Amino acid sequence: MVDPTRCGDIADALAEVATGAASGPDRARVLAHLAECPDCRRELEELTRIADEVLLVAPEHDPPAGFEGAVLARIAALADERPPADPSAGPPAGPPAEDEPDAVVTPLRPRRWRRVLPYAVAAVIAGIAGVIGAGVVWQATSDDRDLAAGYRETLEIANGRYFDAAPIVDDAGEQVGHVFLYQGDPAWVFTVLGATAEPGTYEVTVTTEDGSTEQLAENEVGPSGGESGGRVDTRIHDIERIDLVGPGGVTYTAHLAAGWAS
Amino acid sequence: MSDEALLAGMAAGDADAMAAFVRRHQGRVYGLALSVVGVPAIAEEVAQEAFVRAWRHAGNYDARRAQASTWLLTITRNVAIDVLRVRRELAVEPAVVAEMLISTTNDTDRVADSERITTALRALPREQAMAVLLSVHFGYTAREISEQQQIPLGTAKTRIRTGLSRLRAMLEVSHG
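Protein chains in written order, with this note's numbering: chain A, 1 to 262; chain B, 1001 to 1176.
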């Protein structure tokens, strides 16, 4: 049973999480509470719906000419690179073949996006420049290519597509640990906190770019640090941040987003 | 075709669905981006990025949680706020913009489904409406609002929470 005073303690922060403006520590504190409080989860859902509706007050404005084409060109350029939106809509879970770097894209996608090819000419030109550059450095990068081959073999073992890692930092930006993420079948996340982290039990929450959250196994941290991990339903590609909330509200965060303009 | 059907098409890699979705929502997305960042060239970048993210996440869209338009606007707002956090100089006078957003002088540019929330915001005490708009629209934390409006931190927090709660009460009544 949740102590009702704790619900009162987070009421202000809950409203700020709903508006999307909460600071990292406030957000992490609320998420940790939500894990055990269905009433506050419901409250957050309703307040978020209201806050989202507030966005409707912005007036419409026609974007500059060529906007639609520019958007479609960007997407066409990305369509060959991204993992599929839904694993069930993608190819078999096996790894991409050596000569098929875009095997993670659904087979229909390239043909459908060919319709927007005129918009993507600029992106293609940029790609050609990249190929020329790649030829120049081919001889100088054999170690890197060996490394890439090893990377692929590693992924093949566990039906993987890619993996990632990021530092876990405290409020002051000091690194206190790191997180490993693996997109495979299944996908998993593993957090490691070092000896500089405050000992105690940490709630671990994954947040995606569209604001969805998923709770992971707790990380028990002793004097020499601690680690925990588990499978996630969230796609690794979609994860924006991972918050670890420990004793007394101490909060550590790993940021995964590459940046808004990337 | 409904937004939901277009999003399903986008998730399946249908370029025509994406084009239709962009055409339908570009004015709204660009308008929101412009109202947050204030500079047309940056608003265009924000709006483009919002559509790219919508395409990337189309498979995760859940119609039970939000309408497609509010889902898209939330993505747009998040992108715009990411930019504001890096370039604070862009938000020159957020309080003035917030006032304009619910001013009757803007009624001619308003979209039909914004009438309900606009009426509710106007019915709030002005300081609560401002706190909610600064928080939702510009991503201002309670601390930033307290500094911007020169009020105690606790007052800023209360205005956001009370404002949202009152909006909910009003919208529930108008809905029911």
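Careful, some of the hints might be misleading.
Claimed, not checked - Listed next, the stretches of chain A that the computed footprint assigns to chain B, with coverage defined by at least 3 CB atoms under 8 Å from CB atoms of chain B:
(1) 65 to 77
(2) 186 to 199
(3) 217 to 227
Stated by the list, open to error - Some chain A residues near chain B, calculated using beta-carbon distances under 7 Å:
(4) D39
(5) L44
(6) D210
(7) V232
Keep in mind that the hints were calculated from the coordinates and are not lab data.
These numbers come from a predicted model, not from an experiment.
The beta carbon of each residue, even a glycine, is placed where N, CA and C say it ideally should be.
Answer holds if the nearest beta-carbon of chain B is closer than 7 Å to that of A:L44; otherwise answer violated. Violated. Min distance 11 Å.
Given coverage of the segment 217 to 227 of chain A by chain B, tested with a Cβ cutoff of 8 Å and a minimum of 3 residues: Since three or more residues must qualify, the claim that chain B covers the segment 217 to 227 of chain A is violated, with 0 doing so at under 8 Å.
Tell me if chain B covers the segment 65 to 77 of chain A under the three-residue, 8 Å CB rule, please? Three-residue rule met by the segment 65 to 77 of chain A, so holds; n is 8.
Identify whether the interface hint at A:V232 stands, where standing means a beta carbon of chain B within less than 7 Å of its own. Given a least distance of 13 Å, the restraint on A:V232 is violated.
Against chain B, is A:D210 within 7 Å by beta-carbon distance? 5 Å, holds
Closer than 8 Å Cβ to Cβ for three or more residues is the test here. Does the segment 186 to 199 of chain A pass it with chain B? Result for this restraint: violated, n = 0.
For the hint on A:D39, does the least C-beta distance to chain B fall short of 7 Å? Cβ of A:D39 sits 15 Å from chain B, so the hint is violated.
Of the numbered hints stated above, those contradicted by the structure are hints 2, 3, 4, 5, 7, listed in ascending order.
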